[in-house]
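Given only the sequences and the hints, what does the whole structure look like? Please build it.
Line by line, the protein sequences are chains P and F.
No gaps in the numbering here: position 47 of the first sequence is 98 in my numbering, and each next residue is one more.
No gaps in the numbering here: position 362 of the second sequence is 533 in my numbering, and each next residue is one more.
Calculated directly from the structure, the hints in this document are not laboratory data.
Small disclaimer: the values here were computed from a predicted structure and weren't measured.
Treat the hints with care, since some could be wrong.
A short, non-exhaustive set of chain F residues, derived as facing chain P with CB atoms under 10 angstroms [stated by the list, open to error]: (1) 359; (2) 500; (3) 513.
For glycine and all other residues, C-beta sits at the position ideal for the given N, C-alpha and C.
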Amino acid sequence: MGRIALSLLLLASLAYAKEWKLHINGMHCIACTLAVKKALMSVSGVQEAKVNFKNESALVISDEKVTLRMMQDAVAQTGYSAIPMEQK
Amino acid sequence: MHRREFIKTTALTGAICLTPSFLNASSTPTLKEPLAVYKLSWKFDLSHHSANACALWVPLPSDINGFQRLIELGDSTEAETHFESDHNRYAARTFYAHWDKSAQSKTLDLSMTLALRDRQCDFRPKRICPETLVHAREFLAPSAHIPTDGAVAKVAKIIVGGEKNPLKKARKIYDWIVANSYRDESVQGCGVGSPNAMLSQLEQDGRMGGKCLDMSALCVALMRASNIPAREVMGIRIGASRLSPAFGAGEDITKAQHCKVEFFIPNMGWIPCDPADITKLVLKEGIEKNSPRAMELANKFFGFWENNWMALNHARDFDLYPANTQGSLDSFGYPYAEVDGEYLDPFDPKSFSYTIRSAKEA
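Written out as C-alpha cells, the structure is:
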C-alpha cells in the first residue's frame, strides 16, 4: 500500500513538473555554470538544473509552485541574469 | 652516486638536451643546471556517476625548450575510448577518456616520469629561427580573456612610458605587477585570469588581489598591449623548492597547480618570469616586498623557473579535442570532465574525484 502511494506521489510530481528553458547572461567561463546551477538548485521546488556555457542556457525542471521570478532572483544574486527562452 | 643512478641520470640528461625545440629557448641548458627526475601518479575515479556517461580531458606535461621532458607515460583504464592527443589550437598535450553510462568502473590511472632542469635566462642575444619569430607574433593577439585595448592599453602605456627596448618594457610591467598586487588566499584555484577585473580592483581599492592566473593574465595582457608576445603557462609544483617553502610542494600535489608567464624577445627567444610567486613569497614568509630577500627573488624570477615546477601548456580560450559539450575552455591547468555534458568542478578533487602524487627519483 505504501509503495503504491509513493509511486502515485512520484507520478503526480512528474505530471505537475514544469520545464523551463532560460537564457543566462553574464557567464564568462565554464566554471560560471557551477554558480548558476547552485543558484537555481537553491530555489525550493527546483528538481534539476542543467546549465550550458556554450549555449548560454539552463534547462530547469521544477514543481508547479516555482515561478520565473524566484529563479531570476536566485540567479541575479550570483551576478548573472536569467531570461525565459520558452516555457512548457 | 651509484653506477645505476649515474647511468639513469646521464641517459635522462641526454634525453632532455636532445629535445629539438630547445633552440627556441632563451638560454641553452648546461650540465651545471641541476637535473631533477620525478615520478607522477594521477588517479581518477568517476565511478560514482554510475548512471551517466563521463568524458575526461587531462592536461599532460609538454616537452619544453630543452628544460622539461616527459620520459615515460603509462595509462591504465577500462574506458571504451581513450587516447593521447595534441590536436588543438595550442598543441596542448591531452589524455582523453570516455566511459559509456553503463560502464561499471570509470577509472583512469596515469603514470609518468619527467625530467626537469632549472631554466635560467642569460639575456644574451642569440639567433632565433624565422619560424619561431612568426609563431611568437601569434601571442600578440587578444583573446576572450586577454583584452589588449581599453583599460589594459591605457595602463600599459602609463607603465611603459617612452621606453622602446622590449626587454626593459617587459621588466617595467613585471615590476609594476609585483608592486601593485597581493596574494588573496580566498580566491579559488589559480584565479579567474581576468586582467580587466584586476584593473577595476586597482582603481577601486588601490591594489589588486588575486592568485597566479590573475597576475599572470594581467602581465600577459599588458605585455601584448605593449607589443611584446606573451603567454600564461599553466603547470603544477611537483616537489620541494631550494629557494623557499612558498614555491614548493609535498608528495600530494593534487592542489599544487601554478601558473607562470613567458614573454618573447626577438633576439633572445621565450623568457620565463613569475610575478605571482613573489606575492606568495611575501605572504608566506611574512616579509615586505622591499625587503632584500623579496627584492633578490623578484630579480631572480625575471628570467627563471625552478626545476620543481612542471609546465603543462600555454592554452587559453581554446577548444578541446575531441569537442566537449560546454564549449571553449578559458585555461587548461586542471583536469576537465563532463558528466552527461555537465561540467564537473575540478576545484573540488574529492568529489570529482582525483588525486595527483609526485615522488622525486633523482
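Outcome of the hint check:
With 10 angstroms as the threshold, the beta carbon of residue 359 of chain F comes within range of chain P, its nearest partner Cβ sitting at about 8 angstroms, so the hint holds. Below 10 angstroms, beta-carbon pairs count as interface contacts, and residue 500 of chain F has one with chain P at about 6 angstroms; its hint therefore holds. Annotation: interface hint on residue 513 of chain F holds; nearest CB of chain P at approximately 6 angstroms, less than 10 angstroms.
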